[in-house]
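Novice: Residue strings, one per chain:
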Amino acid sequence: MKLDILYFAWVRERIGVPRETLETDAETVTDLVQELSARDERHALAFSDLRAIRVAVDQDLSDFSAPLAGAREVAFFPPMTGG
Amino acid sequence: MLAVPEIRVQHAPFDFATECAGFAAGRTDLGAVVTFCGIVRQDGAGQLQQMEIEHYPGMTERALQAIADEASARWALGACLVIHRYGVLTPGERIMMVATGAAHRADAFAAADFLMDYLKSRAPFWKRETTQHSTGWVAAKASDEAALQRW
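Sequence order for the protein chains is A and B. When the letters of the first sequence are read in order and numbered with the numbering used here, they come out as residues 23 to 105. When the letters of the second sequence are read in order and numbered with the numbering used here, they come out as residues 833 to 983.
No lab work stands behind these hints, which were simulated from the structure alone. Errors might be hidden in some of the hints.
[What the hints assert, rightly or not] In silico SDA-like links for lysine to any residue, alpha-carbon gap of 20 angstroms or less:
(1) B:Lys-973 to A:Leu-83
(2) B:Lys-973 to A:Asp-53
(3) B:Lys-973 to A:Arg-73
[As the list claims (entries may be wrong)] Label-pair distances were calculated between CB atoms; the ranges are:
(4) B:Gln-879 to A:Ala-60: 24 to 34 angstroms
(5) B:Arg-937 to A:Ala-60: 52 to 62 angstroms
(6) A:Val-39 to B:Ala-857: 37 to 47 angstroms
(7) A:Asp-62 to B:Asp-901: 54 to 64 angstroms
Built from N, CA and C at the ideal position, the CB exists for glycine as well.
Using the sequences plus the hints, can you model the full thing?
Specialist: Below, the structure written as structure tokens:
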């Protein structure tokens, strides 16, 4: 499956790019994080403390156990600070 | 008449007075309108040069719409407006506003309060502050997350 991965705020800065496209068989967000973390140090560092990261699957807030079947876009970012 | 929430996500400034005057104008069924405006606050030492707001285009509008729909349903709002800016802002600039209209004031106040609590920590915006000496992302506060529990 082809996934667009988006990063925002300091997650984006640590990864070094705002988005990337990945061909993956990851079944859950956790699987995807493990796959990304294994790629290089930047990803490993960005995902080193998952308590500090939130995830959205197809633009809906989600959690790390969420399945990715049928998903097209996954975004990782810090806790939000709007308002 | 139930509200169809109006959501605007934009870089451009908005005119708070004009928005307030136009909100629910002509409606005779709404006895109460509450408005809130968030402003970039200078820090205690007067060091803040700018605040940059990043957002997630697409998800931002969806999230704000969902939050406003929820508020409209819970308090039977007759009108609801959310404007939130992004990009580089300076101290004193208006960041965002909400307006709620209902038959009675309790609903309008509660819905505006709910909107503010939820869009602080459930809408995908991130603030970065730059002073003369440093720049850094604003950390989410535990109190913001805790504020959601009261709803």
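Novice: Next step is simple, just say for each hint if it's right about the structure.
Specialist: These are the hints, each one checked on the structure:
1. Of the pairs offered as hints, the one joining B:Lys-973 and A:Leu-83 holds, with about 18 angstroms between alpha carbons and a cut-off of 20 angstroms not exceeded.
2. With a CA separation close to 29 angstroms, the supplied pair B:Lys-973 and A:Asp-53 exceeds the 20 angstroms bound.
3. For the suggested pair B:Lys-973 and A:Arg-73, the alpha carbons sit about 14 angstroms apart, so the restraint of at most 20 angstroms is met.
4. Roughly 41 angstroms separates the CB atoms of B:Gln-879 and A:Ala-60, a value that falls outside the hinted 24 to 34 angstroms.
5. Separated by about 56 angstroms at the C-beta atoms, B:Arg-937 and A:Ala-60 satisfy the suggested range of 52 to 62 angstroms.
6. Checked against the hint of 37 to 47 angstroms, the C-beta distance between A:Val-39 and B:Ala-857 comes to roughly 46 angstroms, which is consistent with it.
7. Look at A:Asp-62 against B:Asp-901: about 41 angstroms separates their beta carbons, and that is not inside 54 to 64 angstroms.
Checked against the numbered hints above, the structure breaks hints 2, 4 and 7 and satisfies the rest.
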